[in-house]
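Please construct the entire structure, taking both the sequences and the accompanying hints into account.
Okay, here's what each chain looks like letter by letter:
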Amino acid sequence: MAGYNLERLNFLVVDDNKHMRALVKTILYTLGSKNVHDASDGADAFKELRVFPADIIVCDLAMSPLDGIDFTRMVRTGKDSPNPFVPIIMLTGHTEAHRVIEARDVGINEFLAKPISAKGLFSRIKSIIEKPRPFISAKNYFGPDRRRHQIPHKGNDRRKTAGANVKMPSGVGSPGMSAEEIQSLLGMT
Amino acid sequence: MAGGKPLLIEVPNTLRQKAPLLKHGGVDAAALLRAEQAVAELGKGYLEWARADAAALEAMTARLEASGDPKALAEIFLLAHDMKGQGTTFGYKTVTLAADSLCRYLERHEGEATPEVLAATRVHVDALTLILAEQLADEASPRTAALLAGLNKVAAIPA
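These protein sequence lines map, in sequence, to chains H and S.
Per the working numbering, residue 6 is the first one in the first sequence, and the count goes up by one each step.
Per the working numbering, residue 507 is the first one in the second sequence, and the count goes up by one each step.
Just so you know, nobody snuck in bad clues.
What follows is a set of in silico ranges between Cβ atoms, one per label pair, in the way DEER data are often shown:
hint: 1; chain 1: H; residue 1: N145; chain 2: S; residue 2: R649; range: 50 to 58 Å
hint: 2; chain 1: H; residue 1: P58; chain 2: S; residue 2: A558; range: 29 to 37 Å
hint: 3; chain 1: H; residue 1: S132; chain 2: S; residue 2: A625; range: 38 to 46 Å
hint: 4; chain 1: S; residue 1: R649; chain 2: H; residue 2: A7; range: 44 to 52 Å
hint: 5; chain 1: H; residue 1: D75; chain 2: S; residue 2: Q641; range: 32 to 40 Å
hint: 6; chain 1: S; residue 1: T520; chain 2: H; residue 2: K84; range: 18 to 26 Å
hint: 7; chain 1: H; residue 1: D75; chain 2: S; residue 2: N658; range: 26 to 34 Å
hint: 8; chain 1: S; residue 1: W555; chain 2: H; residue 2: K39; range: 20 to 28 Å
hint: 9; chain 1: H; residue 1: A27; chain 2: S; residue 2: K577; range: 26 to 34 Å
None of these hints come from the bench; they were simulated from the model.
No experiment lies behind these values; they were computed from the predicted model shown.
Just so it is clear, CB atoms sit at the ideal spot from N, CA and C, and this is done for glycine as well.
Here's what the structure looks like:
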């Protein structure tokens, strides 16, 4: 049976609970990952990201002092963010829609509700590998396209496609970056 | 963030190269089964650390009762939230349900260290300690169901 080889993917697991970190790391290692780093809160994770080029971040929502939403905001829009485009899977025990909407609106790629299972985690990883979404840089949002499905849009699509030629409106840094910096991050230069 | 028209940025998918789809091997059904087994193995230590969490919750609650400091409520919330997340994963849906009741209650009464909130917090913490001490894993057993129903009633009382 065919399957993805996760051996070369770098994972960063961010959770303030050591047992949950151990759980996620156990799943990732058993699925074949070799490079799994962890951090106990958003601030530590941001530091780790500067020295560890994570391909996918698995992050808890409720953490202290810097929670998953603040951390994601720093990654997506922080001027010193090492990689604003890194895919983020958010673990959540919250069922309230407002927390999930808040997390979506700071640029989360995928959600995984607790209890965590290997199947559930892998399905989110698979989705990130198979169905990457373009990023949107707008006045109030920078992150993966929140439209998950291709539904015909009746009005004008106000979004401008950047493709391989990113052009930012003048004076704009999406996450505080120039178009050239974005192109550089995307490996276009 | 952009100030003008929204910009769509196609990010090159480098993960496809780094995580190739193999004809044999890679993450298949057998690998997922092994991972679930590894989780089950990890869960063998669950009762021990969950009891330690319950003891920490008890200490936080005692501090809250002594000081009335609303900051302690936030600490209690975070730990109860962790316990909620782990319970069902390791076969204790009862812990998840009791901790969820406490979290929902504390969310509604954020920062309110009133005698009513302290009393409701105490009841939940005692219930979590009892569930773990007596290994009440079956949420459907009459005793546990009554305990959980009681917690929901306490949580529904306006503070």
